[in-house]
Structures are given as C-alpha cells and as structure tokens.
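**Student:** Could you put the whole structure together from the sequences, leaning on the hints where they help?
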Amino acid sequence: MLWFVLLFGLMTLVTGICAISVRNIVHCALFAVVFFFGIACLFFTLRAEFLAAVQIIVYIGAIAILILFAIMLTHDVTGEAAGGMIHVGGITGGVVAVAVAGSIMVALFRESLIRNSQSLVERTAAAPQVSVKTIGEALMTPYVVPFEVVSILLTAALVGAIVLALEQRPAKKEGS
Amino acid sequence: MMTEPMIAGLWTDTVSFFGVHAVAVVLLKIAVVLFALLGLVSYTVLAERRISAFIQDRLGPNRVGWFGLLQPVADSFKFLLKENVMPAHVNRIYYVLAPCIALAPALLTFIVIPFGNTLAGEPMVIANLNVGVLWMFSIASLGVYGIVLGGWASNSKYPFLGGIRSSAQMISYEISMGLSLIPVFMHVGSLNLTEIVNAQSHRWLFLHPNLFLAFLIFMISSFAETNRLPFDLPESEQELVGGYHTEYGSMKFALFFLAEYANMITASALMVTLFFGGWQVPFALPESLSHPVTWLAPFVFQPVGFVYILSFFLKMLLFLGVFIWIRWTLPRFRYDQLMNLGWKVFLPMALANVFVMGIWMALSV
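As they're listed, the protein sequences go chains A and B.
Mind the numbering: the first sequence is residues 1 to 176 in the numbering used here, read in order.
Mind the numbering: the second sequence is residues 1 to 365 in the numbering used here, read in order.
Hints are computed from structural coordinates only; laboratory data are not their basis.
Honestly, I wouldn't trust all of these hints.
Facing chain B, according to a computed beta carbon distance under 7 Å, are these residues of chain A, among others [said to hold, decoys possible]: (1) L46; (2) F50; (3) A53; (4) I56; (5) I57; (6) G61; (7) I65; (8) F69; (9) M72; (10) E148.
So the derived list for chain A, only partly shown, Cβ under 8 Å to chain B, looks like this [stated by the list, open to error]: (11) E49; (12) V54; (13) I63; (14) I67; (15) S131; (16) I135; (17) P142.
Heads up, the beta-carbon is just placed ideally off N, CA and C, and yes, glycines get one too.
**Tutor:** Right under this line is the structure:
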C-alpha cells in the first residue's frame, strides 16, 4: 500500500509541477488531467472510492475538458510571448499556496500524526468503510448549512454565467 | 521510470493486500472478459454490416466463411497488414496517443458490470465496487479525451470540428445521463451494481413508471455518448468527411472503431444491468438447473451459473440489435436540435423525474 501511495504521490507531484511550468498550454491542460487522475488514484489507494470517482467525474470529465475546449478555440497555444513565472501574480500565488499548504499540514500533524502512532497502512486498514449513504446523511443533517451555502454560491455562479451569455442579445438586435 | 524494487514492492503489496488466490482469479476473469469483449466487438461489426444490408435490401459481406462469419478475421488481418501512415502535419505524440485513450475507457468500464451470478463460488464481476455506477461514469467521461485529442492532433479542419462537437455533446449528455439514474439509486438505495441486480430478482426496474422514464432518458443519452446515429455529429461523414478520425488509417483507425463498438457493448450491458434485471432470468429455472447435478459433482461448475451468464449475454445482444436498428432507421439530428434536446428537454425531464420519484417514495412509505 505504501508503495502505491508513493508511486501515485510521485506521479501527482511531477505532473503538477509540469502543469504549471510547461510553455504550451495544451500540454499544461493535459498534465493537469494526469495530475487530477493521480489524486483520484491516491483516493482509491486510501479506500475513499466515492471521492476518487467524484474527483474524476468533476475535475477530469467536466472541468479539464472545458479548459481544453476553450484552449482549442484560442489561436496561439505555444505561449512564447507570455512572461516568466517571476512577477507579482506569480509571487502572490506562491505565498498563498505556501500558506494553504502550511495550514493543511499543521491541521494534519495536530490531528493524527502526533496523537496517533499508527502507520498510514494500519490506519487505512482500520478506517471504517464509508458508504455513499453515510456521506449523504452527513451532508443533509450536521453539515446542511455549509452544503446549502455552497449550493447558493453555485447557483449564483450559474445565474452569472447566463447573464453574461445573454448580454449580447440586445446589441445584436440594434445592429441588425 | 519505475525501479526494480518499486515493481517488486507493488507486487508484494498487492499480493499481501488481497492474497495470491484472489489476484490469480481476478487476472483470469480480466483475461476471459477482455477476450470475450474484443471478440464480441468484431462480431458486432459484422452484425452491423449484415443488418444494415438487410435493412437496405442488400446482401452484405457473405463470402468469407459460412454466411460471412469469418469476415472479422479477414478484417483484422487487413487492418494489421495495412501500411501505418502518419500524415506530416500532425502532432505526433497526441496523434498516436488519442486512439489508445479512446479505447482504454471503453474496456475499463466493463469491470464493474456483473455479468453472471456466481461460478464455482466466485462472483461474476471483476471489481465489486461500492460506487460502481459512479466509477462507470467517471471512466466513461475519459473517453471524450481520445476524440478531442485525435481531432486536435490531426491539425486539419474536419477532425478539429469533430473534436469540438464531441466535447460539447458529451458534456451535455453526461449530465442528463447521470441525473436520469438518480431515481434508480433512490429506489434501490445503493450505487453497487451487484446490489442493483439483486434488487431486481422479483421485479425488473423498468416496470416502475418513473424508472421507465429514466430508462428512456438513459438510453437516448447513451446514443449521444457513444456517438451513434442519430447523434453521430463528431463523425458525420456527409459534413465532416469522417470527423475526428479523418486523418487516421490502418490500426490506429481500427482502435477508434473498436472503441465505438466497445462503448456500445458497455452501454447495452449497463442498460441490462440497471433496468432489465442484469443476469436474472425472467422465469423460474427448472429444478434440474438450479440444483447441483450429480454427474457434474466432480466439477466445480454448475450449469445454473452458465445459464445466468447466457441470460445476461442474450439481453445484451438484444440492446446491441436496437443500437444497430436505430442507426439504419433514423436520420441525423442537426447540432442545435441536439443541444436543445439535451439541455431543454432531457435535463428538466430528468430533474422532474427525481422530484416525482421522491414524492412517490414519501407517499408509499
């Protein structure tokens, strides 16, 4: 099990770094696909089957394919004209990424690694099998407020997208 | 890439996690299913050619072997012996990768489908995942990458248009396809395909009115997902020459072709599993079959296991027949009609179906 975690972790890391550093954005998008797939494999190894399947459906099946769709409609995909990674946006992004990763690491070490002396393999084997039903009940009873907040956010994004798409219609009528 | 101890480590990990016996049985099941699937693909192609000929009042391929039954063998040799041409203007890596990416998900989806009850105490499913249907959807959503990449890597306008069409079409229909199945999970209470089949031992799910609507939406969406006529817009030979595979030849074209038929088989198997009882037999089996036969006692196999597999296989063939029949009967949709049907008809219908199913269940409790 440990070997699988190491293998998929390595795959995720390498393709993740490739995805942000390669010049051709089609390559970037495809590296991102492999990166998402690596994360799904990690979830599978840790027996989180539901998360793994949802990871593939949402990130690879929907988000990445839409990114690819948009890239294919753009003219210049090689990206030689774009600047390097060292600029204000890049530095800010880097700082935020380190902060997020740090807080996740702190939470992880606090919660399990220090208090729990078991290895990863032992803890995965001991973890209860979480069924889809359990996840559904958890989402609908104790976590119903965050769940609804997320759904309102998504609805707002959906309405926003429709408004953006509709805005061109009156302009067209005036022109014709 | 992978060092020697890493491979050894993976192997010992796998064996210690599952046991040698389980690994051997799974490998055997994979081998048998893979060969059966690929064999069935080549004979589905033959069936398609013969049935289309019958519908159009022609004969079809009937010269190689008895009634043309050896035609798939001749075809496969033809594909293998053809010159492997690569056009000069393509993006080489993605051009080669695309057919492989198209075929792999088509074969991978089959691993969660229970194609029989048990044989010698072994469940007849390769991986009995608790999230079986979600796995099916997640892997099926990878298939579009083969088409999109093939269209893009070909670096020519018709394949490119085919790839663009396919990505939009598949995303649109995946949504209504996924939503159409939610009433099934509400009814059965599980995403595990084996449990869905077991829940149909008395009554097949399509007999339920809500689930019949779900079946209709699912079936029509799966025509769009497998790029079959009336929804074969990524390919549409009258507009786009051959669509995404215009620039492909020899075995690389054959892989795309195999992927289309393997997708058809998986879609048929899934419809059988979800709505038509899977391997269940529609009538009570005679006593002689369902009980151990004395003269077969030395062998571990009992006939009833084979009867269930045969039942699954025959139902699947029926749906494959429907796929072929519809292809040679209905004309192609226009692209805006396709999008309207997906977003303005099937999506609201599937959502309403979930709602009605919920009310039904609340009232019947």
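**Student:** Quick check on S131 (chain A) please, does its C-beta sit within 8 Å of some C-beta on chain B?
**Tutor:** S131 (chain A) check passes; min Cβ-Cβ to chain B is 6 Å, inside 8 Å.
**Student:** Taking 7 Å as the limit, does the beta-carbon of F50 (chain A) come near enough to a beta-carbon in chain B?
**Tutor:** 5 Å, holds
**Student:** With a cut-off of 7 Å, does the beta carbon of G61 (chain A) approach a beta carbon of chain B closely enough for the hint to hold?
**Tutor:** For G61 (chain A), the interface hint holds, since the closest Cβ of chain B sits about 3 Å away, which is under 7 Å.
**Student:** Restraint: P142 (chain A) near chain B, CB-CB cut 8 Å. Satisfied or not?
**Tutor:** 21 Å, violated
**Student:** For the hint on L46 (chain A), does the least C-beta distance to chain B fall short of 7 Å?
**Tutor:** Check failed: Cβ of L46 (chain A) comes no nearer than 13 Å to chain B, outside 7 Å.
**Student:** Should the interface hint for V54 (chain A) be scored as holding, given a Cβ-Cβ cut-off of 8 Å against chain B?
**Tutor:** Check passed: Cβ of V54 (chain A) comes within 7 Å of chain B, closer than 8 Å.
**Student:** Taking 7 Å as the limit, does the beta-carbon of M72 (chain A) come near enough to a beta-carbon in chain B?
**Tutor:** 6 Å, holds
**Student:** Just to be careful: measuring from the Cβ of I57 (chain A) to every Cβ in chain B, is the smallest value less than 7 Å?
**Tutor:** 5 Å, holds
**Student:** Under the criterion of a CB-CB separation shorter than 8 Å, is I67 (chain A) in contact with chain B as hinted?
**Tutor:** 11 Å, violated
**Student:** Less than 8 Å between beta-carbons is the criterion; does I63 (chain A) satisfy it with respect to chain B?
**Tutor:** It is violated, given that the least Cβ distance between I63 (chain A) and chain B is near 10 Å, above 8 Å.
**Student:** Hold the hint about E148 (chain A) up to the distance rule: shortest CB distance to chain B must be less than 7 Å.
**Tutor:** With Cβ-Cβ at 18 Å, over 7 Å, it is violated.
**Student:** Let's test the interface hint: is any C-beta of chain B closer than 7 Å to that of F69 (chain A)?
**Tutor:** Given a least distance of 5 Å, the restraint on F69 (chain A) holds.
Consistency with the previously given hints fails for numbers 1, 10, 13, 14, 16, 17, ordered from lowest to highest.
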